[in-house]
Amino acid sequence: MSKIKCSLFAKVTAIFLSVLLLVGTALSVICVIFCGAAGGYTGEYTYFRNSAMESILRAYAYEVADAYENGVDLAERYAGNNFYYVISKDGTTNYNKEGIRRSVTIHTTSYVDYTLQEDETPWQYYNYTTEVAPPTLATTAVEEVEYFIFSPSMVTQAPTEEDTPRFTVEYTVTLYEKAEKDGDDLLSLAEFWLDLAYEMRYAAILLALLGLSLLIFVLVFLFSAAGHHRGEEKANLNYVDRIPFDLYTAICAAIAVGINALVLFFLESLYYSRYYHDISSEFITIVGFFAGIAVLAVIDYLILLGYGLSFATRVKVGGLIRRTLIFRILAFLARILAAIGKAIWSMLRSIPLIPKTVLIVLGISLIEFVLLLANLWEGDNLLILWLVEKAILIPLILWIAMMLRKLKKGGEAIAAGRLQEKIDTRRMPADFGKFGQTLNHIGDGLGHAVDERMKSERMKTELITNVSHDIKTPLTSIVNYVDLIKKEEPESETMRQYISVLERQAARLKKLIEDLVEASKASSGTLSVEMARCEVGVLLEQTLGEYEDKLTEKGLTPVVNVPEEPIFILADGRRLWRVFDNLLNNICKYAQPDTRVYISLERIGHRAVITFRNISKDPLNISSDELMERFVRGDSSRNTEGSGLGLSIARSLTELQNGHLALSIDGDLFKAIVSFETVE
Amino acid sequence: MYNILICDDEKDIVSALEIYLHAEGYTTFAAYTGKQALEILKKEDIHLLLLDIMMPEMDGISALTSLRAYSNVPVILLTAKSEDTDKVLGLNIGADDYVTKPFNPVEVIARVRSQLRRYMQLGGGQAPAESSACTVGGITLDDRAKEVFADGEKINLTPTEYEILKLLMQSPGEVFSPKEIYRRVWKNAPYGAEGTVAVHIRHLREKIEINPAEPRYLKVVWAQGYKIEK
Numbered sequence: 015m016s017k018i019k020c021s022l023f024a025k026v027t028a029i030f031l032s033v034l035l036l037v038g039t040a041l042s043v044i045c046v047i048f049c050g051a052a053g054g055y056t057g058e059y060t061y062f063r064n065s066a067m068e069s070i071l072r073a074y075a076y077e078v079a080d081a082y083e084n085g086v087d088l089a090e091r092y093a094g095n096n097f098y099y100v101i102s103k104d105g106t107t108n109y110n111k112e113g114i115r116r117s118v119t120i121h122t123t124s125y126v127d128y129t130l131q132e133d134e135t136p137w138q139y140y141n142y143t144t145e146v147a148p149p150t151l152a153t154t155a156v157e158e159v160e161y162f163i164f165s166p167s168m169v170t171q172a173p174t175e176e177d178t179p180r181f182t183v184e185y186t187v188t189l190y191e192k193a194e195k196d197g198d199d200l201l202s203l204a205e206f207w208l209d210l211a212y213e214m215r216y217a218a219i220l221l222a223l224l225g226l227s228l229l230i231f232v233l234v235f236l237f238s239a240a241g242h243h244r245g246e247e248k249a250n251l252n253y254v255d256r257i258p259f260d261l262y263t264a265i266c267a268a269i270a271v272g273i274n275a276l277v278l279f280f281l282e283s284l285y286y287s288r289y290y291h292d293i294s295s296e297f298i299t300i301v302g303f304f305a306g307i308a309v310l311a312v313i314d315y316l317i318l319l320g321y322g323l324s325f326a327t328r329v330k331v332g333g334l335i336r337r338t339l340i341f342r343i344l345a346f347l348a349r350i351l352a353a354i355g356k357a358i359w360s361m362l363r364s365i366p367l368i369p370k371t372v373l374i375v376l377g378i379s380l381i382e383f384v385l386l387l388a389n390l391w392e393g394d395n396l397l398i399l400w401l402v403e404k405a406i407l408i409p410l411i412l413w414i415a416m417m418l419r420k421l422k423k424g425g426e427a428i429a430a431g432r433l434q435e436k437i438d439t440r441r442m443p444a445d446f447g448k449f450g451q452t453l454n455h456i457g458d459g460l461g462h463a464v465d466e467r468m469k470s471e472r473m474k475t476e477l478i479t480n481v482s483h484d485i486k487t488p489l490t491s492i493v494n495y496v497d498l499i500k501k502e503e504p505e506s507e508t509m510r511q512y513i514s515v516l517e518r519q520a521a522r523l524k525k526l527i528e529d530l531v532e533a534s535k536a537s538s539g540t541l542s543v544e545m546a547r548c549e550v551g552v553l554l555e556q557t558l559g560e561y562e563d564k565l566t567e568k569g570l571t572p573v574v575n576v577p578e579e580p581i582f583i584l585a586d587g588r589r590l591w592r593v594f595d596n597l598l599n600n601i602c603k604y605a606q607p608d609t610r611v612y613i614s615l616e617r618i619g620h621r622a623v624i625t626f627r628n629i630s631k632d633p634l635n636i637s638s639d640e641l642m643e644r645f646v647r648g649d650s651s652r653n654t655e656g657s658g659l660g661l662s663i664a665r666s667l668t669e670l671q672n673g674h675l676a677l678s679i680d681g682d683l684f685k686a687i688v689s690f691e692t693v694e
Numbered sequence: 029m030y031n032i033l034i035c036d037d038e039k040d041i042v043s044a045l046e047i048y049l050h051a052e053g054y055t056t057f058a059a060y061t062g063k064q065a066l067e068i069l070k071k072e073d074i075h076l077l078l079l080d081i082m083m084p085e086m087d088g089i090s091a092l093t094s095l096r097a098y099s100n101v102p103v104i105l106l107t108a109k110s111e112d113t114d115k116v117l118g119l120n121i122g123a124d125d126y127v128t129k130p131f132n133p134v135e136v137i138a139r140v141r142s143q144l145r146r147y148m149q150l151g152g153g154q155a156p157a158e159s160s161a162c163t164v165g166g167i168t169l170d171d172r173a174k175e176v177f178a179d180g181e182k183i184n185l186t187p188t189e190y191e192i193l194k195l196l197m198q199s200p201g202e203v204f205s206p207k208e209i210y211r212r213v214w215k216n217a218p219y220g221a222e223g224t225v226a227v228h229i230r231h232l233r234e235k236i237e238i239n240p241a242e243p244r245y246l247k248v249v250w251a252q253g254y255k256i257e258k
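Protein sequence lines, in the order shown, are assigned to chains U and H. Heads up: take any position in the first sequence, counting from 1, add 14, and you land on this note's numbering. Heads up: take any position in the second sequence, counting from 1, add 28, and you land on this note's numbering.
Next up, chain U with everything else stripped away, as it sits in the complex (with noise of 0.2 Å):
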């Protein structure tokens, strides 16, 4: 299908194809439409044939009426015709002759004007009634007269000759169809076409509905064929298709009209011409006038044709708005304004941001100015004027403040820390899209900074763990040899003294590392947390039960405040536990022995909030936040046991449950406050 799809010959065949059916099925239709008026399918064939062959003689006859009126020779002019002609005045229309198969008669009136002799003078007719014989139409009787009057003033100048009498003549013209048709004219013509359509008034409907069918599927074929080439997979233009459409369509507009208008003109004086010529080219003037109709309404299909085609060819390549005239001219003034915009708009950009304001406020009041002028003078137009000037800022005026909007937002972000928010800029003019810029790269540069910050951190992280472990093995060789000496029995005291000591450093070492290792993870996040809903009140409980030998032993009294009703909150039970045994493990090294440690659990407004409360053993000459940063202790001799680490883990552990840590020294109080968010 394709390959027929692409070859010419099959196409220059088709549509000679489509001419012929075309031709074929109107010539059906044509008897179709005209058997079925003239009752070619109820009535006998005499009716049928009659019927027609009177409406063409009563034509002949009003001719012959019109061309004996005219003083025409009828003998001679009608001597080739296949009738035979009466006329009379009183109404006969015997006619006594063979081989007449019917006869049309018909009565007809004519006008005949009567001409003034020089002699005679107009005003002698003067409320005068007369006869006035006419002058050509001696055998005429006249049977009426008109009067005609002419008034005295009016009487200023001859008559012309619409003030001439007239007569009206009624005579009879009464035709006889020959049987035997020996002469070349209409009456011939149709009786052969009327024999031939009557014999095909069944076929015709046949013909008709086969070629109308076969001219559907020819057409389809065409369409859709049109613009594929031999070689070429898609649909193409042709020469003739890249003639912008516009142009194409008033181009086939023209032909077509130019053509109609030619040809039609050419039948008309062609058909007139049938009175000024001799009757013997009267026949061809018939056919050719026919013919010409025919071959007119084939020129007309065929650029029809042409034109559909193109446009289907357009319509499957596309663009068929895009490729007319109009549109390439609308186009070419846009690409020009829009040149022009954009090269007032560079010109405005190139200019620093305050002239720039300046110039625009004096722009719209210097429009405000002019137009307030001219009103001065013509009066009425300021509300409309003021309410168009305020309709076109309000909208822009919206539209700064969204970019503003937009920036604020995009600054917030970067403040807020998060940095991969980004403002879009795309739709930003000038200054307010290079601010809007300048804000994301400024977040670029602290994600950057971030980035690298976690990344140290994180390396870091790794490096205490791998020291660590390294450190763990010699240590457990340094723990295990202390023990073996211990297991010795050595007599001395002193020796024994010695290696207590060994013993305590070994445990604060290995205390030191695991605290280390923990601080390190807990600060750069690389810990895992599972938040789960857990209950405070019973976490608090646990850890007091562990810590309760160890509390006793320094003789510390804990004072426990639990409200009835469970609080919940959103932590991971393992994290939190390691929070608050830091806390008490804090507790138990610098609290004031035999004294009574406070332990509260309240929920205010959102908040879980747990308060651990103590009086220092030593005087705490050290801010909160100092006592938070790592390594750093309550007493700076640094002999006691732990690592100066616990509240920075403890701190580092609350934040990654989205926790809050808080410290408060005050005198020898130290507190420290530890809040979640509940939930329920």
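No wet-lab data here; the hints were simulated from the structure. Quantities reported herein were computed from a predicted structural model and do not represent experimental measurements. Be aware that a few hints might be false.
Quick list of simulated restraints, FRET-style, between CB atoms [claimed, not checked]:
hint, chain 1, residue 1, chain 2, residue 2, range
1, U, M509, H, P187, 44 to 50 Å
2, U, Q519, H, I47, 21 to 27 Å
3, H, M86, U, M468, 55 to 61 Å
We put the CB at the ideal spot given by N, CA and C, even for glycine.
With chain U fixed as given, assemble chain H onto it according to the hints.
Relative to chain U, chain H alone:
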């Protein structure tokens, strides 16, 4: 007595452990890589393996994996890694227990003894057939005699501790909140008195666990309650 294989790339640690284990009357074998350990295991009748994780040639994890293909000899891992994930990995591939470095020699001996008792006396992990006793892991509770054994060793408990342990052992794996434990054991409404539960639990843990800070059986589920590990 029993044959114990010690495998660690650090020779001082191996000899220290040998000294302690000899003192307890065990026979020891030393290996310094995973490969050596596997060779000795094939040749000798070993009853327990102390295995370091980080070693050259073949590390503890791969040695343990290949060992478990043919033997269920008790294995205690010696590890410098204190990460929870490392412990879980070790237990998952078939270790029976673990000790983190730097370890306390007394703790190691206790764990060795406990593992050997379970392995040898209870017949290599086979469940005991006593009907009146309830056993979870290494803990056996005989309700008729009101006696508790941890790894075969009799434990002396107070009546309250005994009741708490009984409650927890009746449904292993289930987490009991302090309030629930108080209500079931004291048979009283827990009006703020459930704080004592935590103290009792800690005492109980100190009695039945080798290292109460890292319990194997009686576990603390922080912010929720307590349970006996299945």
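Take a look at whether the Cβ-Cβ distance between U/M509 and H/P187 falls inside 44 to 50 Å.
-> With a Cβ separation near 46 Å, U/M509 and H/P187 satisfy 44 to 50 Å, so the hint holds.
For the range 21 to 27 Å, tell me whether the beta carbons of U/Q519 and H/I47 fit it or not.
-> At roughly 22 Å between Cβ atoms, H/I47 and U/Q519 fall inside 21 to 27 Å, so the hint holds.
Check the following: the C-beta atoms of H/M86 and U/M468 are separated by a distance inside 55 to 61 Å.
-> 36 Å, violated
Going down the numbered hints, you'll see the structure goes against just number 3.
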